[in-house]
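Read off the chains here:
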Amino acid sequence: MNDLLVLSNVSKNYGYGKLAVNNVSITLPRGKIIGLLGPNGSGKTTMIKMINGLLQPTEGEIRFLGEKIGPESKARISYLPDRTYLSPSDTISSILDYFEDFYEDFSRERAVKMLEDLQIDPRAKMKTLSKGTKEKVQLILVMSREADLYVLDEPIAGVDPAARDYILRTILNNYHQNASILISTHLISDIEQVLDEVIFMRDGRLILYGSAPQIREQQGKSVDAYFREVFAC
Amino acid sequence: MLGKLFKHEFRRIGKMASLLLAVFFGVTVFGAIYLVSPLFHSIIDAGNNSSMALTAVSGIIALLGLLSYMLMLVGLSFGFIIYLGFRFYRSMYSDEGYLTNTLPVKSSHLIIAKIAAGGIWMLIMTLALYVFVGFLVIVGYSQMRGIGLFDVITFFREALNTFVELVKEVADYDFSTSWILLICMTIISPFATLSILFGSLTLGQYSWKNKGLMGILAFIGVRIAMSIFSGILSLGITMFRTNAGNDPELMFMLANDKYLVNLLAQIIFACLLFFWSIHVVSDRLNME
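Chains as they are written, first to last, in the numbering used here: chain H, 1 to 233; chain F, 1001 to 1288.
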């Protein structure tokens, strides 16, 4: 099955009038790096949360490899949220134990190697780490899985440019070619070169889904420049 | 996966529970040292050999000591329940919930593991509390009467037997039902309490704002509903019993009924909120 993720007429209403996601239908294939792009409040994070079962769609349906979102899809989707989701009192080593216990596709060796590369001590407690290091640890955990889909919500937002390069290299070096990556960000110029496809969202609506090289060719400008044009204030 | 969830939850709660048990133990040892100390003996001697006023003062001091000990134990027990509620909320509905709720496990297993791990630790703490309080009472009585610890145990056992026989003779009442109810209550109560607490915190998820606060208010509301439910049920049973006759055993039967009704109310509300929690986590989850 080449279709990895299918969203059919998905809407999300938080209950105070405005639709956070409005009737989005999209099919994500295997083997692609897809940029989920849009300004603040465009519905990117809401959509990502629905894909991971953290929010329930008000309308519509989401299917991953033909199945509804549930334990089976969670075993195949590796999710990096836009916040720290690890307990501050845990050591990195105990978190590795936790991931090893619950995710069959988690490679401890790969995680330890990446931690060594970044000179992060596995015995350190999360609360002793800086914000940037916490983000790196989370990314290492997520990318140490052999998942079918990696969903990364703003993975490079809070780190310095040098760390961004490392993070992008980590992402590119650690996903297998049959998997896809859905990556949400504002910092398009940093990731544009690695994107195969892009999704533009505004006010909860899907306004564009296409191939990145095609957009560059048709518009005669970079995706970043086109994004700035489309979302100009 | 349920076993793994339980293992991790049990370990995490265990850190706090072990700390509280150590405090329980420390306070109990401190209390026992106080009871065998010359200070406590001087208070007893003052009470025995002096005027009525001094007897009253020494009695008040002993009573205050016991009261503050009991209050501390009760406070620590409540503190542990608050910790479990806080931990549940943080790991399910706050930032850490982003990891918990994306684990490849059934929602029911998440809830069961949390209730089971927390409930077992609560049970261990309750049993420890019984042992520690019992130990202090025995030490205190032994010092006051000037007899050995084993003599105190024998004395209490004989006193209890005499009481049970007396009640059987006078009121024709057998305490076995009461014992069974007490044991059931001790075992079931921790799990039921957590199911109700976690279910109430889950109820708070239906609010658009201040979900944590709404969860606490929901817990208070559920406790009030439980009191009303068991109150009505108790009243009905009491009326039925008193209409049926006025046997000497009536007082004990009514006490048993009250236990039974409380147990029943706990089980009913715990089951309702348990299934409610599973429904919300699997079909209605809306993380902030």
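The hints are simulated quantities; they were obtained by calculation from the structure and are not laboratory data.
Given the structure is predicted, the values throughout are model-derived calculations rather than measurements.
Wrong hints could be hidden among the right ones.
[As the list claims (entries may be wrong)] Think about it this way: if two alpha-carbon atoms lie no more than 20 Å apart in a straight line, the pair counts; the simulated EDC-like pairs of lysine to aspartate or glutamate are: (1) K127(H) with D1095(F); (2) K131(H) with D1095(F); (3) K1004(F) with E104(H); (4) K1004(F) with E192(H); (5) K1106(F) with D105(H); (6) K1007(F) with E100(H); (7) K1106(F) with E67(H); (8) K127(H) with D1257(F); (9) K1209(F) with D1045(F); (10) K1004(F) with D101(H); (11) K1106(F) with E104(H); (12) K1015(F) with E116(H); (13) K1168(F) with D1257(F); (14) K68(H) with D1095(F); (15) K1007(F) with D97(H); (16) K1004(F) with E100(H); (17) K18(H) with D1095(F); (18) K1007(F) with E192(H); (19) K1106(F) with E72(H); (20) K127(H) with D90(H); (21) K1004(F) with D105(H); (22) K1106(F) with D90(H); (23) K125(H) with D1283(F); (24) K131(H) with E116(H); (25) K113(H) with D97(H); (26) K1007(F) with D165(H); (27) K127(H) with D105(H); (28) K1211(F) with D1045(F); (29) K1007(F) with D101(H); (30) K125(H) with D1257(F); (31) K113(H) with E67(H); (32) K1015(F) with D90(H); (33) K131(H) with E1096(F).
Hints, verified against the model:
1. K127(H) with D1095(F): holds, 14 Å
2. K131(H) with D1095(F): holds, 15 Å
3. K1004(F) with E104(H): Holds. K1004(F) to E104(H) sits at ~13 Å (cutoff 20 Å).
4. K1004(F) with E192(H): violated, 41 Å
5. K1106(F) with D105(H): Since the Cα atoms of K1106(F) and D105(H) sit roughly 18 Å apart, the hinted pair holds (cutoff 20 Å).
6. K1007(F) with E100(H): Given that 20 Å is the threshold and the Cα spacing comes to 14 Å, the pair holds.
7. K1106(F) with E67(H): holds, 15 Å
8. K127(H) with D1257(F): violated, 51 Å
9. K1209(F) with D1045(F): With Cα atoms ~61 Å apart, K1209(F) and D1045(F) exceed 20 Å; violated.
10. K1004(F) with D101(H): Answer holds: K1004(F) to D101(H) is near 7 Å, not above 20 Å.
11. K1106(F) with E104(H): holds, 16 Å
12. K1015(F) with E116(H): Violated, because 29 Å separates the two Cα atoms, which is more than 20 Å.
13. K1168(F) with D1257(F): holds, 18 Å
14. K68(H) with D1095(F): It is violated: about 24 Å lies between the C-alpha atoms, which goes past 20 Å.
15. K1007(F) with D97(H): holds, 12 Å
16. K1004(F) with E100(H): Holds, at roughly 11 Å.
17. K18(H) with D1095(F): violated, 24 Å
18. K1007(F) with E192(H): Violated. K1007(F) to E192(H) sits at ~43 Å, over the 20 Å cutoff.
19. K1106(F) with E72(H): At roughly 9 Å apart (the allowed maximum being 20 Å), E72(H) and K1106(F) satisfy the hint.
20. K127(H) with D90(H): holds, 8 Å
21. K1004(F) with D105(H): holds, 16 Å
22. K1106(F) with D90(H): Roughly 24 Å between the alpha carbons, so the hint for K1106(F) and D90(H) is violated.
23. K125(H) with D1283(F): violated, 34 Å
24. K131(H) with E116(H): Within the cut-off at roughly 18 Å; holds.
25. K113(H) with D97(H): Distance of about 15 Å is within 20 Å: holds.
26. K1007(F) with D165(H): violated, 38 Å
27. K127(H) with D105(H): Violated: K127(H) and D105(H) sit about 27 Å apart, past 20 Å.
28. K1211(F) with D1045(F): Violated, at about 57 Å.
29. K1007(F) with D101(H): Holds, at roughly 10 Å.
30. K125(H) with D1257(F): violated, 51 Å
31. K113(H) with E67(H): Judged against 20 Å, a Cα distance of about 34 Å means the pair is violated.
32. K1015(F) with D90(H): At roughly 12 Å apart (the allowed maximum being 20 Å), D90(H) and K1015(F) satisfy the hint.
33. K131(H) with E1096(F): This hinted pair holds, its Cα atoms lying about 16 Å apart.
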